[in-house]
Amino acid sequence: MEKQADAQILAPIGEGPKRPGPGEWLVTNILRILLALIVPIGTFIVLYAGFVFLRDANAPKIVVAVIAIVWGVGGVALLYTVSNWLVEHFNSQWRARILPFVFVGPALAILFWYLAFPTVRTFWASLFDASGAQFVGLQNYVEVFTNRNMFTAFRNNLMWILFGASICVISGLLVAVLADRTRWETAAKIMIFMPMAISMVGASIIFNMIYAVSPDIGLLNAIYTGITGNQPIAWKAAAEIQPWNNLFLIFVMIWLQTGYAMVLFSAAIKGIPGEILEAARVDGANELTVFFQIMLPSIRGTIITVSTTVVIFTLKIFDVVWVMTGGQFNTQVIATQFYREYFTAANAGLGSAIAIVLLILVIPVMIYNIRGFNERQAF
Amino acid sequence: MKRYLILTCLIAAVAILAACGGQASTPTAAPAQPTAVPAQPTAVPAQPTAAPAQPTAAPSTGDTTAGASAEAARAAGLTALADAYDGKLKGQVVTITGTQTDEDAVKFNKNFEDFEKATGIDVQYEGSKEFEGAITARFAAGDVADIVDFPQPGLLANFVKQGKIINAADLVPMDWLEKNYNQSWLDMATMPAPNGDIQAGVWHRNSAKSLVWYPKKAFDAAGYKVPTTWDELMALQDQIAADGDTPWCIGIESGAATGWPATDWTEDMMLRTTSPENYDKWVRGELKFDSPEVRKAIQTFADIWDNDQMVYGGRAKIVSTFFGDAPAPMFEDPPKCWLHRQANFITSFFPQGKKFGEDYDFFYLPGIDPQYGKPVLVAGDIMAATNDKPATEAVMQYMSTGEGVKWWLGAGGALGPQNDVQLDWYGDPVERKVAEILKDATVVRFDASDLMPGAVGAGSFWKGMTDLFSGSADLDTVVKEIDASWPASQ
Amino acid sequence: MALATRKKRGPFNPSAIIVNGTLLLLVLAWVIPTIGLLISSFRPRFDIQTSGWWTVFPHREYVPVETIPLPEGDRTGVMEIRGASATFEQFRQGITSPDGQYKIVWKGNRRLGTIEIQEQVWTWGSAWTLENYEQVLQGKTFEIKRPDGTVEVVPGDDLVNAFINSLVVTIPSTVIPILIAAFAAYGFAWMRFPGRRVFFIMVVALLVVPLQIALVPILTDYVRLNLNGTFLGVWLAHTGFGLSLATYLLYSYISQLPREVLESAFIDGASHFTIFTRLILPLSVPALASFAIFQFLWVWNDYLVALIFIGSKPDVQVLTMRIADMVGSRGNDWHLLTAGAFVSMVLPLIVFFSLQRYFVRGLLSGSVKG
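Residue numbers (my numbering), protein chains in the order written: chain A, 1 to 379; chain B, 1 to 490; chain C, 1 to 370.
Okay, chain A solo, but in the shape it has when bound (with noise of 0.2 Å):
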């Protein structure tokens, strides 16, 4: 309430209500420009001076916690209101330019510093050979394409895209749906929650534990091998049945992120205006119509955030794969190509080059998204 008052006090130039005189129009004016000044710099000083003491910082640990959080969060809303106290102060015209700006512009250089700049490095990188030191065009991308293990790699990320994503959000949906119409929705929601808390150091204990070949250990040997008589099975390794091997990965990452689905769709389930279920219902719809003619049409945007999200995070899916089986046994995706490439191997060309393809791949998923946007109608 009081930044508003502000904004009224110093309303912006030339706007007042009355005309002054000009004397006192250009004390006034002075005055304003110079608080105009005094306040981002204050701003400033009071944000480098928390900077440098956490950067610098020699107190208890406890105490730059404090100041940090303090610090952190505070100064970011304390960026955001001085920027916009001094945009209040142009004209109309100019604060419609500018204003979007305050808004966007923080996540905007920050999105440049941290992955857009590195981003068009990584493909500048992508030009050259292993060492940086030659020009090689386009050879690396075709040593992608050609590559059998890349290949591989492909095909694998296809199958995590076509089985992991898909269950993963129709899982979640279904639990979120189930889970509203239950007594029990808090109990059953953070079981399903629950795997996204764990480390992916103790799922990767999780599921050696239960894809382990000794049927003493591991729990799917013990059943399979009790149901069938058969052998016990490799299910991480084991050729014959690869690629299908590749499923068993991919349940780890089922398991893992159903919740996040389920969160984000429960959320918007709780959105949708409890009146038009409610006299879906007395107008005698049944649970599936309700389902399919109302909620699905109302939570649309939300499936199309949570399947663009999901099916992104499962192209550069990377640490189940690395921590189960390294992408040995036929199961490398493209991310642990890409790090085998950049790191092991040393090779910066090539890695660069797996890296942009992952980019390519998800130019389908952009337009999906563009679509939406451009029909709407913005202030």
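Treat the hints as calculated values from the structure; they're not laboratory data.
Where a beta carbon is used, it is the ideal one built from N, C-alpha and C, also for glycine.
Take the hints with a grain of salt, since some may be wrong.
Straight-line Cα separation of at most 25 Å, DSS-like style, residue types lysine-lysine; simulated pairs [stated by the list, open to error]:
1) Lys-145/C <-> Lys-355/B
2) Lys-110/B <-> Lys-140/C
3) Lys-354/B <-> Lys-145/C
4) Lys-281/B <-> Lys-161/B
5) Lys-216/B <-> Lys-107/C
6) Lys-110/B <-> Lys-313/C
7) Lys-107/C <-> Lys-217/B
8) Lys-145/C <-> Lys-110/B
9) Lys-61/A <-> Lys-313/C
10) Lys-145/C <-> Lys-336/B
11) Lys-216/B <-> Lys-110/B
12) Lys-110/B <-> Lys-90/B
Derived list of chain C stretches under chain B, where covered just means 3 residues or more per stretch with a C-beta under 8 Å from a C-beta of chain B [to be verified]:
13) 85-98
14) 110-121
15) 215-222
16) 243-257
17) 331-338
Chains B and C: place on chain A using the hints.
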């Protein structure tokens, strides 16, 4: 790329610890003459010859041991180390980073405690998993520790090539290195830098890999005899099989590094079925995987691995058994498998409470063809310096002496490759016995996969082995693919 | 408003059974792996490595009741033991005696083994231990042999320090990106500006960029700014790496808010800033809460970013490193990860639980009217 490691000599009958036996005293009495080394290529900062003329310039720190150490160091030509013992580098910090965590990190720190106390230099060790990715990023960003502990010389070679490593011969006098290391170690540390070959680092610790572990109590009770020749080993394995058991425990699963134990077997077989010169060529990529020699080596152990009578759980289990869990069935009563070939560190995976010499023991994996002698496969940690601060220099010099690893040897968990290491320093009987085996070795070679470029040694070689034994590719395909993955030489 | 209570009542009907039943099955499938880990975390190391966690439940198992010597004579062909005829290999697998009461098992090898007569009895695992948790929480103690033969006991670090470090890393790394992303999401959703489309495409495209490619350039910048090894550096890094997802998720929510809500506010003369802080943020609480949960989890479980930007020295080490390091250089103590996984899971679950209450129905309809 190709010629970055020249494993030339390795003369027969020259072992890592050759000097140990004869040399009964600590480096204090080390033959004190770096005299007249005409070919010495490096500029040693100060003349080491002035030792007697310097009655320790630092009485402040000069407790007697430090003084004695300083003199010994100076006598050996290790000036920076001598200065450190004289207290001239007091208060400086040297950071070391590596892969040791947990107990090994504790040992790492403890190992330097005496040195820190005597010199006032603060040695800070930082270990992590994900070493490979982290160190690559840190080198690229120029934010790396003073000294880096590389368990894989092949990885180090990348950074040497980029000119980011200081020539160890500029930090530690070459004649001292030549005296205190077997030539083979120095050859393995020779790597191409932008301005010609350099000593990429000093070897600090090592392990031996050509060992076969067995459950001693049950083994003796069953009347089995420790084999001393390959034929005896084959007879033993057949006897165990005839008795109805599977002789070998084998597992090569290791998360992201799955496959490495199979590369060790390949290397051990290479050393036993072909000449050391061929092994060196193979490491450099001059001898292809698709050659009769390498194929024969792989085939030799594949004959055992592919035979379900010989491997516990059969071949199917090899690729999916965690290497650390592989020896566990050996300790069941009665044992389910009897023989496990692995480096000396495997003891940390053995069930708690099992005792060396009672419950388990090991023997040297015998040679196959007598003309190739008694080869031993080793691995080790090489310390590479990223700057030439005096304190860094002092620590590098310290690590090139047996004294620099003595504490660790006493605590167990490492072998020392330095020539002035004494057998009786080993606190762990396992390691003492390993050191003896190394002493008897006629040929010592470093783990080839650790020396090869990462794309092969930590990439296609592992993958080829897992493909071969999971049955998804045959030997023909595997060797050709590994050859194809070899980085183009420049 | 009143509608939040709908589901809690209602007669017991078939559809409720289907709903509850299906959900129960799903939940069971999801918790069995976790239960396995939980049980394992209370078992001794040797048990974890040699028997399945499900053996702790009561089950029938064969236990030896009698040991008899091997049959004399030739042991290569079919032999008869206690009335059962089989080969050595079959006896090793275990043969049920003709009367079906016993199992005859050949233990050991052909020459020196024994024959065990086993009977099936009910049994369950009784060897429980807290040792895994003790080692994880209090740190292992290392017994290190000194050269003179004495043993020095070196206590390991407990988890407290790493826990605090993790908190210090995680909280700002969660809150900062949410704030920044919420502003950006509002900008993309409701403000007109040049380049809007291009920038939005960029946000979506950057979702797929593996953060590994950014490590080297960012670390290089940090070295120049003297930011490496600071907590600030890690927060900014996590903010950067999480921001595209945060912006995208929040955009998708904020853009779906009814247009009328904003229109009426503009008519009342509110500025964008006021609308954002007074109207949009409160309305977006479910989306903010969901992203907060995810970001908290990811940062909490992160290893690589923390390792690169603050390193692994004991005083700055985060929890994931501490736990990963515990298994030893070569992974010989991997069984500790069972307990470690649960210890590190506690806080994320608390966060989930406490943010769960923001997923409530009727937020929107209430605000529209109010």
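Quiz item: Does Lys-216/B pair with Lys-107/C here, judged by a C-alpha cut-off of 25 Å?
Solution: holds, 18 Å
Self-check item: Holds or violated: Lys-145/C to Lys-355/B, with C-alpha atoms at most 25 Å apart
Solution: holds, 15 Å
Exercise. Compare the distance between the alpha carbons of Lys-110/B and Lys-313/C with 25 Å, and conclude whether the hinted pair is satisfied.
Key: Holds, at about 16 Å.
Quiz item: Hey, Lys-107/C versus Lys-217/B, does the alpha-carbon distance stay inside 25 Å?
Solution: Answer holds: Lys-107/C to Lys-217/B is near 16 Å, not above 25 Å.
Quiz item: Would you say the stretch 331-338 of chain C counts as covered by chain B, given the rule of at least 3 residues with C-beta under 8 Å?
Solution: holds (count 4)
Quiz prompt | Restraint check for Lys-110/B with Lys-90/B, where alpha carbons must lie at most 25 Å apart | solution = It holds: about 19 Å lies between the C-alpha atoms, which stays within 25 Å.
Quiz item: Between Lys-110/B and Lys-140/C, is the straight-line Cα distance small enough, at 25 Å or below?
Solution: With Cα atoms ~16 Å apart, Lys-110/B and Lys-140/C stay inside 25 Å; holds.
Exercise. Measure nothing beyond the straight line between the CA atoms of Lys-145/C and Lys-110/B; if it is 25 Å or shorter, mark the hint as holding.
Key: Holds, because 11 Å separates the two Cα atoms, which is no more than 25 Å.
Practice problem: Please work out if Lys-281/B and Lys-161/B have their alpha carbons no farther apart than 25 Å. | Solution: Holds: Lys-281/B and Lys-161/B sit about 20 Å apart, inside 25 Å.
Quiz prompt | chain B over the stretch 243-257 of chain C, status - at least 3 residues with CB closer than 8 Å | solution = Coverage by chain B is violated here, the residue count being 0 at a Cβ distance below 8 Å.
Self-check item: Coverage of the stretch 110-121 of chain C by chain B (three or more Cβ within 8 Å)
Solution: Holds: 4 residues of the stretch 110-121 of chain C have a Cβ under 8 Å from chain B.
Quiz item: Quick one, are Lys-145/C and Lys-336/B close enough, alpha carbons at most 25 Å?
Solution: violated, 32 Å
In this structure, the hints that do not hold are numbers 10, 11 and 16, in rising order.
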